[in-house]
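Undergrad: Spelled out, the chains give:
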Amino acid sequence: MSAVAQGALAAAVDLNGPGHYLNWGVIQISAANLVIIGVMIVVFVLALLLPFPKGRGRR
Amino acid sequence: MSVRERADLVQPDESAEPDEAAGWTAAVRRRLVRELPPDTMLPDTQPRYVASWIYVFGVLTLAAFLVVLGSGAVLAIQGPSWWHTSDIGHFFNSLHLWSVELFMAFMVIHLWGKFFMAAWRGRRALTWITGAVAFLGSIGTAFTGYLAQQNLDSQWIAVQSKDALNAVGIGAYFSPMNFGQMLMWHIVLLPAFVGILVVLHILMVRRRGVVPPLPLRDRPAQAGAEAEPGTVSEAGQEAEAETEEQP
Amino acid sequence: MSRRSRAAEPDPYSFGSRPYDLVKEFTVALVAVLALSIALAAVFSSPDKRPVTIATWAKADSADFTATALAELDGTSGTAQYGPPYNNASEGQKLGPVGLANLVGVTKPIDTAQDFVIRPLLSAAQTAIVSSAVARYATASGAQQSTWTGNYSNALDKANGDPAKIAAGDYGPVPTMLTALLAQARAGSLDGQLLTESGAFYQTDYTLPLLFLADGSYLADLAGQDHLAGTQWGMMNETGNYPGQAWLWLYTFWYQISPYNNSDNGDALVWGTMAVLSLAFVFLPFIPGLRSIPRYIPVYRLIWREHYRELRARGGT
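Protein chains in written order, with our numbering: chain C, 1 to 59; chain P, 60 to 306; chain X, 307 to 623.
If we strip away everything but chain C, and leave its shape as in the complex, we get:
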């Protein structure tokens, strides 16, 4: 089976093309990894800042 999925289960976003990479000095990072790490940091910050529901007994 080829790297590109076929038929009804085709991926909506095909990530199989040439990778996008960013360079900064000695640092080389893929766009994909950068997105993952960026989202993690955003989620961490949001988790710290977003108000937690008061007085809620159950989630």
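Mixed in with the good hints, there may be bad ones.
What the hints assert, rightly or not - Output of the computed footprint for chain C on chain P, the stretches with three or more beta carbons under 8 Å from beta carbons of chain C:
{"no.": "1", "region": "109-115"}
{"no.": "2", "region": "164-171"}
Unchecked claim - In silico contact screen, one side only, chain X against chain P (beta carbon under 10 Å); selected entries:
{"no.": "3", "residue": "P325"}
{"no.": "4", "residue": "V412"}
{"no.": "5", "residue": "L617"}
In short, the hints are calculated from the structure, not lab data. Every residue, glycine too, gets a C-beta built ideally from N, C-alpha and C.
We have chain C already, so just place chains P and X on it with the hints.
TA: Just chains P and X, lined up with the frame of chain C:
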């Protein structure tokens, strides 16, 4: 009422008779009830200060771990080459990959939170240690998983990583080019290792309770004062806490 | 002693409690993570680049294949020069004064000339010309063998790797052997032969075919195109635009800088560095200074702001 006092209210049966039966089984039962009282294992209250979204990342990590295990189990049903020739198999491979990405992401965010809470305080060093070792074990599990893919990526990772492992002698017995060995480490040994650590980690969180907040001002007499660098060792703190918690 | 003045952490419930449904929270988390995983899998799928075989390599780049086979024959290939655990050609890497690889020794012995060239040739049906070429090579002295392979290697370099353009010279049976091996490779039989060379029917250890591939440059070139090489932070990366093992960022970082990237012991040095850092990570609670960082970087004030607010309101702290 302290956690310990509340736990003491729980008896293995409804009568007030102390459990003094003889034998190994009874000894194990008494030990388990004493160390892991049901009321603290499955509490229906939580400390008031647990009021931040950062606290959900532990259970999110656990949930992701279960999705990883489940999707891995489905991949195991038809073996390691199924996903290359089946759309459904490929989907479950994708599910396994993305649940692993979520697992690692949630675990690291959980780690960031626990670090900034200094969550190892109050006899919780082992909770930190089991979590840290589980993290390292997860990295090893992921590594062997990538080797088990049986595609170009696996080939490259195998021939590259062999150099790191050979350099320190490990490669003599643990070879990333040995597919059978890597697969068995990935689906048997490492998940068991990580799984056991996760169970211990969670039991310890339940047993000790969620770490209380750092006091805003350092007072030597105040409970929970963080050790000033260079003063008291953790062992000293542990020993002291040990004597203080005698009923 | 100062430890007398330090009390244990307060009981978690000493600040009050609220009702909480642990099992429901777990269930919600499980459903949420499952839904998110399914969505990501459906939208992005997963990468699956076809592995290379020795056959695809030999067909795509016969010059590289031939040069690699020659290097295996004359003992100049990466594997031939590797050292433990494959042979004693070098003493392996050292971490300071300790040569761990050498201590452990050769546990997976490989004789590259025999394992990659001669035995595969002998294990296939060959014409009389090829069989006698192999026999002639095998019975020649080491010096004679080196002369043949050395001459052929120089000639191949001058001919840009194309055996058809080689000038006449004293190469002995070497060209015949390598031509036969190339034909075996292109036909696909070398893949299987290397895998089952030990004589076992069932085999899951791909060491020989993988090492042979790694000794050439075809696999490495493909990897480089996908940014998977060591000097490209490759450990973190994945083929295409997929996220890779981003958690390996620190491990692969060391390979990008000196002294790791220009030392013969680079791999061992990285291992040593990461072992120390990992131990510090695991035993953090016992390391003064490091364990006080949460106090110096007060993220905790954000996390427990409600708690501190309530304590102030109650007149506490």
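Undergrad: Take the hints in turn and mark each one as holding or not.
TA: Going through the hints against the structure:
| no. | hint | in the structure |
| --- | --- | --- |
| 1 | 109-115 | holds (count 5) |
| 2 | 164-171 | holds (count 4) |
| 3 | P325 | holds (6 Å) |
| 4 | V412 | holds (8 Å) |
| 5 | L617 | holds (8 Å) |
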